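Turn these sequences into a full structure, and let the hints guide you.
Residue-level listing of the chains:
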Amino acid sequence: MNKKPDKKDIAKAYGKYAKGFTPRPNYVGNCLKAFFTGGAICMIALWYQNTLQDTGLSEKDAGIFVTVTLVVIAQLLTGLGVFDVIAKFAGAGVIVPITGFANSMVAPALEYKREGPVLGVGANMFKVAGPVLVCGISSATIVGIIYWIIYRF
Amino acid sequence: MEYLWAFIIGGAICVIGQILMDTTTLTAPRILVIFVVSGVILQAFNLYEPIVELGGNGATVPLPGFGYSLAKGAMEGAKEGFLEAVTGPLKATAAGIGIALTFGYVAALVFNPKSPKR
Numbered sequence: 001m002n003k004k005p006d007k008k009d010i011a012k013a014y015g016k017y018a019k020g021f022t023p024r025p026n027y028v029g030n031c032l033k034a035f036f037t038g039g040a041i042c043m044i045a046l047w048y049q050n051t052l053q054d055t056g057l058s059e060k061d062a063g064i065f066v067t068v069t070l071v072v073i074a075q076l077l078t079g080l081g082v083f084d085v086i087a088k089f090a091g092a093g094v095i096v097p098i099t100g101f102a103n104s105m106v107a108p109a110l111e112y113k114r115e116g117p118v119l120g121v122g123a124n125m126f127k128v129a130g131p132v133l134v135c136g137i138s139s140a141t142i143v144g145i146i147y148w149i150i151y152r153f
Numbered sequence: 154m155e156y157l158w159a160f161i162i163g164g165a166i167c168v169i170g171q172i173l174m175d176t177t178t179l180t181a182p183r184i185l186v187i188f189v190v191s192g193v194i195l196q197a198f199n200l201y202e203p204i205v206e207l208g209g210n211g212a213t214v215p216l217p218g219f220g221y222s223l224a225k226g227a228m229e230g231a232k233e234g235f236l237e238a239v240t241g242p243l244k245a246t247a248a249g250i251g252i253a254l255t256f257g258y259v260a261a262l263v264f265n266p267k268s269p270k271r
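Residue numbers (the numbering used here), protein chains in the order written: chain A, 1 to 153; chain B, 154 to 271.
Just so you know, these hints were derived from the structure itself, not from any lab. Be careful, since some hints might not be right.
[As the list claims (entries may be wrong)] Which residues of chain B face chain A? A partial, calculated answer using Cβ under 10 Å:
1) Pro203
2) Leu207
3) Lys232
4) Val239
5) Ala245
6) Ala260
7) Phe264
[As the list claims (entries may be wrong)] Listed below are several chain A residues computed to face chain B (Cβ distance under 8 Å; list not exhaustive):
8) Val28
9) Asn30
10) Ala34
11) Phe36
12) Ile41
13) Ile95
[To be verified] With a cut-off of at most 20 Å between alpha-carbon atoms, the simulated EDC-like pairs for lysine to aspartate or glutamate come out as follows:
14) A:Lys60 / B:Glu155
15) A:Lys60 / B:Asp175
16) B:Lys244 / A:Asp54
17) B:Lys244 / A:Asp61
18) A:Lys19 / A:Asp9
Only a predicted model underlies this, so the values are computations on that prediction, with no experimental measurement involved. Built from N, CA and C at the ideal position, the CB exists for glycine as well.
Written out as structure tokens, the structure is:
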């Protein structure tokens, strides 16, 4: 019975001890890098969307094509091993845009590739993307049901 | 002007993510989940729509934009009926999820893991 709190105390003390050695991140520099890379990705996406709309696509369809293109580029770069290099520099600048979501599908899948195409690649694609899809879709479905009830009554 | 707003809003959302990464012990998957769910919740109260109108792709390309399309699909479907409300979120994002899955699977099968350059 007494063991549990003891272990917790040790873990806490160790956390404090280890904190002294972890280098403090350069907050301002990281934020600036994230701001500029994230902003640049969004600006390029907008330029691409405008170009597509000029060819006659509707705004909605053009938006879908932009998302799809960003996803494909990010997954290609992940496969080539370039995405990690960019992510190391840009941090959240490439992780928060949809590119990070695309990367999070391929990266763990590659890591577990040795376990086979089904249980290795297939299962691990959802290691990060799974929670995102589950939480996102289920919360959106709940929103939809609530709105349906509101519209009905 | 349009481009400037896309740059500022997209950049600002990424800075929020960077601050979360640097100052908290939250791991990347949790941050992604927080962003998507906050996009859904903001849009549920119609709060994300004005950001999209102002920032365009600056608001739709980051992950809250994914939550925004999910919620928007649900809300538009809810006007038509129960089934449409439930299929709405997936319908709105089907192309993105479908390509991400298919191309991601192919990419993972084609490429071999590389150790990152240090």
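Hints, one by one, checked against the model:
no., hint, result
1, Pro203, "violated (17 Å)"
2, Leu207, "violated (12 Å)"
3, Lys232, "holds (6 Å)"
4, Val239, "holds (6 Å)"
5, Ala245, "holds (9 Å)"
6, Ala260, "holds (4 Å)"
7, Phe264, "holds (3 Å)"
8, Val28, "violated (10 Å)"
9, Asn30, "holds (5 Å)"
10, Ala34, "holds (4 Å)"
11, Phe36, "holds (7 Å)"
12, Ile41, "holds (6 Å)"
13, Ile95, "holds (6 Å)"
14, A:Lys60 / B:Glu155, "holds (18 Å)"
15, A:Lys60 / B:Asp175, "violated (35 Å)"
16, B:Lys244 / A:Asp54, "violated (25 Å)"
17, B:Lys244 / A:Asp61, "holds (13 Å)"
18, A:Lys19 / A:Asp9, "holds (15 Å)"
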